[in-house]
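Student: With the hints as a guide, bring both chains together as one complex.
Protein sequence lines correspond, in order, to chains B and X. Residue numbering for the first sequence follows the numbering used here, starting at 11 and increasing by one per position. Residue numbering for the second sequence follows the numbering used here, starting at 3 and increasing by one per position.
Just so you know, the hints here were simulated from the structure itself, not pulled from any lab data. Here the structure is a predicted model, which is why all the values come from computation and not from measurement. C-beta: ideal position from N, C-alpha, C; glycine also. Possibly wrong hints are sitting among the right ones.
Covered by chain X, according to a simulated footprint, are these stretches of chain B (three or more residues, beta-carbon under 8 Å) [unchecked claim]:
#	segment
1	78-87
2	93-101
List of simulated lysine to any residue pairs, SDA-like, C-alpha gap at most 20 Å [to be verified]:
#	chain 1	residue 1	chain 2	residue 2
3	X	Lys94	X	Met43
4	B	Lys71	X	Gly102
5	B	Lys78	X	Met97
6	X	Lys11	B	Thr137
7	X	Lys119	B	Lys71
8	X	Lys94	B	Phe169
9	X	Lys119	B	Phe169
Some chain X residues judged to face chain B by a derived CB distance under 7 Å, without partners named [what the hints assert, rightly or not]:
#	residue
10	Val12
11	Phe13
12	Gly95
Residues per chain, in single letters:
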Amino acid sequence: MKQLKNLLKKKTNEENHENKEYLDYVHKTAPRTKELKTLVPAFLVGGAICMVGQLVSDLLKMWTDLDKEGIATATSIIMIFLGSFFTGLGLYDRLGRIAGGGSIVPITGFANSIVSPAMEFNREGVTFGICAQMFVIAGPIVVLGISVSVLVGLVYMIFA
Amino acid sequence: MEIFLTYLKVFAVGGFVCMLGQVLINTTKMTSARILVTFLMLGVLLEVTGAFRFIEEFGKAGITVPITGFGSSLAKGAIKGVKEEGILGAVKGGMTAVSGGLSAAIFFGFIFALIFKSKTKES
Numbered sequence: 011m012k013q014l015k016n017l018l019k020k021k022t023n024e025e026n027h028e029n030k031e032y033l034d035y036v037h038k039t040a041p042r043t044k045e046l047k048t049l050v051p052a053f054l055v056g057g058a059i060c061m062v063g064q065l066v067s068d069l070l071k072m073w074t075d076l077d078k079e080g081i082a083t084a085t086s087i088i089m090i091f092l093g094s095f096f097t098g099l100g101l102y103d104r105l106g107r108i109a110g111g112g113s114i115v116p117i118t119g120f121a122n123s124i125v126s127p128a129m130e131f132n133r134e135g136v137t138f139g140i141c142a143q144m145f146v147i148a149g150p151i152v153v154l155g156i157s158v159s160v161l162v163g164l165v166y167m168i169f170a
Numbered sequence: 003m004e005i006f007l008t009y010l011k012v013f014a015v016g017g018f019v020c021m022l023g024q025v026l027i028n029t030t031k032m033t034s035a036r037i038l039v040t041f042l043m044l045g046v047l048l049e050v051t052g053a054f055r056f057i058e059e060f061g062k063a064g065i066t067v068p069i070t071g072f073g074s075s076l077a078k079g080a081i082k083g084v085k086e087e088g089i090l091g092a093v094k095g096g097m098t099a100v101s102g103g104l105s106a107a108i109f110f111g112f113i114f115a116l117i118f119k120s121k122t123k124e125s
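This is chain X alone, in the form it adopts within the complex (with noise of 0.2 Å):
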């Protein structure tokens, strides 16, 4: 029962936060790059606040899966990294923070355009 009402949550959350970005969508009519941006910014700002913590408590993956978890590591790592190393982690440690994801998307990204040919152009 407990783990449905996780899930329930992890649902509401992310759903929520999904819906804001088409909120943005329908008023704004940004482009995709730039919801994305919008969202990371929108992660690092609830880092720094310290509210990000409380959201993720509450919607664990509702919040961290989002583009929003990727700004939220951003600025972790980089606070991170200045409390080991200083000025230089300042540099370094958003960066350590998501080279697993960056690399995944990257190295992914390369194989399966070699793979897959478009198909956007169909519908």
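Same shape as in the complex, but just chain B (with noise of 0.2 Å):
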């Protein structure tokens, strides 16, 4: 019995040795100038977003008489709108595809993770298709969010 337990596990060591023998040449040929590559087009294209972000603030301040916590909540509110807007249209997909994490990390990419499932579920029903498949991607960001937040209140409340 022993004896086949050892015999197994050189051989899941084998296998191991093997296993990191071909990641580590995978590692050592695997095209790094293409990993550098994507990361133009994300600071490229996450820095314009920001920037239309910017513009929208820079407008609601000139055009509304709302104070700062009201600017910045309308701006990701229509910042959300844009995103999912274009999400709906099939062109905020074809932008990621390029662009990677220059469209999951703005605010725009949260709301991606929102149409993006819930229209794929479409076809599945409005109650179980849309509004259940809706958080898929985006219940860890909402639970954790609220959570965390909740947690920095009380420490809060306790140290202060």
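Tutor: What follows is the structure in structure tokens.
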């Protein structure tokens, strides 16, 4: 029995070893330049989306009499609207294929992560398709975000 | 000229944050949900340590439009809630601060999912 165990262990070790060798090989030979090249569109698209946000915020400041907090909220609502709308048109996902992180990290990417699965499951009906699947990606963000905010509040209350 | 400089800063900071996201994708093969959670937590951390205010002063929308701004709002709201209402505010504050964005995301998500058919399968 022990022998068998040892044999098995040896075998998995060998397999692991092979696997590691292979992974090292892949790591060494995989084209690094391609990875570096993805950083440029991420930077450009992400920066551009943030500039749109700044423009929206500046226009709100000029045209409305909202306070600072109101402008921040209205800006994120408008950005989320834009993200949802362009996801609906199918353009945001096309942008995402080029931009990667540049389209995921802004708040428009959060909107995209809600609309995209909701549209995908449209055919399964309103309740179990759209409504149930809407938070398949955004769920963890909402759950963790709100839990952490409560935690921050409680910790702040204890220490301040 | 000054407005040009402001937008340049926004572009640089926002681009840098998004580029960090791309670095994470390249090095760890994280999915988009993980990336968003990571940056959300980064926003909370920056807000709690007080660093967020300084980055915002410099980069404005460059740091508030990425999901880090969402995290910062959550933490800021919770702290503001505690100051105003004590323990009740600790529970309510974060959600209150992001209620506008979250409601908008749900509402627009629902409406657009009803209107548009999925095009993601086509390439």
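Student: All the hints need checking, so say for each whether the structure fits it.
Tutor: Outcome of the hint check:
For the segment 78-87 of chain B, the stated coverage by chain X holds: 6 residues have a C-beta nearer than 8 Å to a C-beta of that chain, and at least 3 were required. With a cut-off of 8 Å between beta carbons, the segment 93-101 of chain B has 6 residues touching chain X; three or more are needed, and the interface restraint holds. The suggested pairing of Lys94 (chain X) with Met43 (chain X) holds, with an alpha-carbon distance near 19 Å, which does not exceed 20 Å. Taking the CA atoms of Lys71 (chain B) and Gly102 (chain X), the gap is about 18 Å. The hint holds against a cut of 20 Å.
For the given pair, Lys78 (chain B) sits about 18 Å from Met97 (chain X) by alpha-carbon distance, which is consistent with the 20 Å threshold. With a C-alpha separation of about 44 Å, the suggested pair Lys11 (chain X) and Thr137 (chain B) falls outside the 20 Å cut-off, and the hint is violated. With a C-alpha separation of about 36 Å, the suggested pairing of Lys119 (chain X) with Lys71 (chain B) is violated against the 20 Å cut-off. Of the supplied pair hints, the one linking Lys94 (chain X) and Phe169 (chain B) holds, its CA atoms being roughly 19 Å apart against a limit of 20 Å.
Between Lys119 (chain X) and Phe169 (chain B), the direct Cα distance comes to roughly 50 Å. Violation of the 20 Å bound is thereby established for this hinted pair. Annotation: interface hint on Val12 (chain X) holds; nearest CB of chain B at approximately 5 Å, less than 7 Å. Annotation: Phe13 (chain X) was flagged as interfacial toward chain B, and the flag holds, the nearest CB pair being 4 Å apart, inside 7 Å. Here the hint on Gly95 (chain X) is kept, as its CB sits about 6 Å from the closest CB of chain B, short of 7 Å.
Hint compliance for this structure: hints 6, 7, 9 are broken, all remaining hints hold.
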